[in-house]
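Here's the letter readout for the chains.
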Amino acid sequence: MHKSFRQAEIWGIAIAAIAILGVLPALNAFVPESSPLHVSDFTINLYGKYLCYAVLAISVDLLWGYTGLLSLGQCMFFALGGYAFGMHLMLLIGKLGQYHSDLPDFMVFLGYPKLPLHWEPFRSFWFAVAAVVFVPGLVALVFGFLAFRSRIRGVYFSILTQALTYAACLMFFRNDFTFGGNNGLTDFKFILGYDIRSAVTQRCLFIATGVLLILTYLFCRWLTLTRFGKIQRAVRDSENRVLFSGYAAANFKLFVFVVSAIIAGLAGALYVPQVGIINPSEMAPDKSLEAVVWVAVGGRGTLIGPVVGAIAVNALKSWATRAYPDLWLIILGGMFVIVVLFLPKGIVGLPMQLWSLFKRSTTLWKKVQEQHAGTTELPIKESSTRQGG
Amino acid sequence: MNKRFILTAEGVTKSFDGFKAINDLNFYLDEGELRTIIGPNGAGKSTFLDLITGRTRPDEGQIEFKGTPVIKKTEYQIYRMGIGRKFQTPSVYSDHTVYENILLGLKGSRGVFGAIFGRVTPAQNDQIHHVLEIINLKDKAQVRAGTLAHGQKQWLEIGMLIAQDPELMLVDEPAAGMTDEETARTGELLLSLAGKHTIIVIEHDMTFVRQLANRVTVLHQGSILREGSLDEVQNDERVIEVYLGKKKHDAIHPQH
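Protein sequence lines correspond, in order, to chains Z and G. Sequential numbering from 1 applies to the first sequence in this note's numbering. Sequential numbering from 1001 applies to the second sequence in this note's numbering.
Note that these hints are calculated values from the structure, not bench results. Keep in mind that a hint or two might mislead.
[Unchecked claim] Only some residues are given here: those of chain Z computed to face chain G with a beta carbon under 7 Å:
(1) F127
(2) V129
(3) T224
(4) R227
(5) R233
(6) D237
(7) F252
(8) F255
Glycine included, each C-beta is placed from N, C-alpha and C at the ideal position.
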């Protein structure tokens, strides 16, 4: 059973990889627009966004589902990665902005005399990539170190992460914080020398996001199968036992927290060139809450669950916000309530849930039939199951 | 003090909201000893173990393990000094298999990176199977620990303790919820571990305590009431009074 599941997982990843990296881009590039099989540029762009959300959702689940740390501020790391890469894209605009200045538009608008010093190194692509990894990682390291050392657990940890993302959101809203205030960073023109809005570039970004998603999935699968992964789940189930078994639980939690912040940052970095804007609203607490809902709906404690949840909920959101714009928040909230009440393992746990329900009802049916036939099977069975102690 | 004790507690006091759970406790334990601590509910037995293992810190007094104070150390630092603990309610990792539970308890590397890159060596694998044999759970190695019967969970946690191989084992109510047969086996198991390890057992079940046939410490209201063999202890008037209820006794001996 366990082995066959692994095999199914490998097949699933292979099929997903072929679909994301091959089929969808090919249908977008080579099939004429008149054909029903054609995938539009809009769709590619939309699904590119969903894949970024899927990576973000995995990072939430690595914390919540596997380690029992419900972070309500994961989007802060997503946005930090996005800002770091957005700064690089901003500097590539050059004189093509509204004000035809060397400075990014918002700096001209806000009266900056010259480029702030910390913006300078972001002219380099590789510096920006390093910042995408290190900025979220370092913020998570400092915050996590303080929180876990002080033994902040459970709901207190959740509240603190939410406060953190809210504080960051307010900070980035300020015009004098040098990151564009409430407008954020936008109006990007180029990426790596290519026109950022062209269909080819967007297709490549879609493929890059697909690669990131698959690599993230494989990395997390590997990590959760090591002894580290076992300790992670042990912390979730019985942190005290872990402590009294000699593990410094705080270090393990800190490691997971930093890793998942980096994953979220990478997702944010690929999100920004695809949506064309990053602003402080991405750090608003409700964004992080939404990410938690994706994970719960998809199925936490699995790696496929967050991916399914992120894509399904966002696809539903895209449809619902057009069809029933006023009802979307009610649908989202209702979905969360239903999942919490009836689907503890989310969408991916549903087949198993139905299967055990089916099995239970058939055994119950058998027992009823046996009793009708007057057999005395039941008591014998009971005593045999109690043995072995 | 010319004799070397493995564990000493001197003048230890711990109160929770004014209630003195441990009150000026003095406790000495020889190396290799198997000691049983008994006492009515609320006598401070589990609190004493909490103080030794760093779960709580004493308000006053000193606890030393092999001459090193433990009271400022964290749980995992105390573990690394060689003190292991089994909790009163069995705490095993219910989502992990029995095998994995023992693996996580196994003596060895406790670092983050060791856990990521380390592999289970054949020697460790043998060790795990050896422990599983001792605790009679060999055929349940791949079963999820959460599905075990209560007594088996108790054994599994004792197994994690054996895998840890600490110098001092603190075993809190190992026989709770076990059948008579299981209790007897647990007693044998602890007796076989004594000598190699120093053991403190907290227990309520007097048949079980009798089986261990060792030195008994009676705790009452956070301090030691009596220490001695089980017979001595059971015939002590004050112990009888504590166990049978105060009121009745007060009527006979009002000056207490």
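Against the structure, the hints come out as follows:
no., hint, verdict
1, F127, "violated, 28 Å"
2, V129, "violated, 24 Å"
3, T224, "violated, 11 Å"
4, R227, "holds, 5 Å"
5, R233, "holds, 6 Å"
6, D237, "holds, 5 Å"
7, F252, "holds, 6 Å"
8, F255, "holds, 5 Å"
When held up to the earlier numbered hints, the structure conflicts with 1, 2 and 3 and fits the remainder.
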